[in-house]
Structures are given as structure tokens and as C-alpha cells.
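Asks: Sequence:
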Amino acid sequence: MRTVGQHWERCAEAYLSRQGLQSIARNFATRHGEIDLIMLDDHHIAFVEVRYRSASRFGDARLSVTAAKQRRVRRCAQSFLQTHPAWQSYPCRFDVIAYDAHRDVHEPLWLRAAFDTTTGMS
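Letter 48 of the sequence shown, counting from 1, is numbered 47 in numbering that gives the first Met the number 0, and no numbers are missing.
Read the hints as simulated data drawn from the structure, not as lab findings.
Quick caveat: nothing in here was measured; it's all calculated off a predicted structure.
Where hints are given, some of them may not hold.
What the hints assert, rightly or not - Ranges between beta-carbon positions, derived for each pair:
no., residue 1, residue 2, range
1, R70, A24, 14 to 22 Å
2, S16, A112, 15 to 23 Å
3, W86, D115, 24 to 32 Å
4, E106, A85, 29 to 37 Å
5, G32, T2, 17 to 25 Å
Ideal Cβ placement from N, Cα and C applies to all residues, glycine included.
Between the sequences and the hints, there should be enough to build the whole structure, so can you do that?
Replies: This is the structure we're talking about:
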């Protein structure tokens, strides 16, 4: 299963690079969890969660980013900033890149600032 996730993470990173973002880190892991991609978008850090759904019976991929997952991503982002002080002055946001097999998987749904630092999905 990890191989499938890695494939879509690479696709998302390539897509975001084509949109002008620069990769800072991938698969940043802490005891709280993992952030799939950390990208620089102009002067903002985008912490990116990549989701893929092969079937729609449980809803779209974007809907799989639960409140609990958002909390884990936020904690990981805090850890990243604590361990990488050079990035602490940059404004941050949390993006979601969603791929759904029942849609055109070559063009992901990119939700910029999908959730904020304190609440759920915007």
C-alpha cells in the first residue's frame, strides 16, 4: 500500500513543481505522524497532504482528511518549524492534493489553505 501512496505523492510533487512551487521536504515524520510534502510557494510554506481514492464508495479523496488527520499534520508542521528555524518566519498554510480514480487522475484537485492552523477544512 505504501508504494501506491508514494506514487501519488510523486505525482503531486511533480504537479506542484509545474505550478511553480519548490520542494523543501517529503515524508517528514515525527511521533505525531507524517507530512507528505513540504513546499515553498513564493514566500509561503505549504504543508501538503496527498490523498488518493480508487473508489468513491467512501467519498472523495479530499473528504478523507479528517479532523484527527488535520491535527496530526498541524503537530508535524510545528515539529518541522521547531527543528528547522530558518523557516519559522515564513507564513504557513495547509494544502490538500486529492486524486480520485473516478475522475481525471492526471489533474488533481488542489485545495490551497484547505484547513487552517486551528480549525477544520475551510
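Asks: Against this structure, judge whether each hint is valid.
Replies: For each hint, the structure was consulted:
1. R70 <-> A24: 14 to 22 Å: The hint (14 to 22 Å, Cβ to Cβ) holds, given that R70 and A24 are roughly 20 Å apart.
2. S16 <-> A112: 15 to 23 Å: 19 Å, holds
3. W86 <-> D115: 24 to 32 Å: 18 Å, violated
4. E106 <-> A85: 29 to 37 Å: 33 Å, holds
5. G32 <-> T2: 17 to 25 Å: For G32 and T2 the Cβ distance comes to about 19 Å; the hint holds.
Checked against the numbered hints given earlier, this structure breaks only hint 3.
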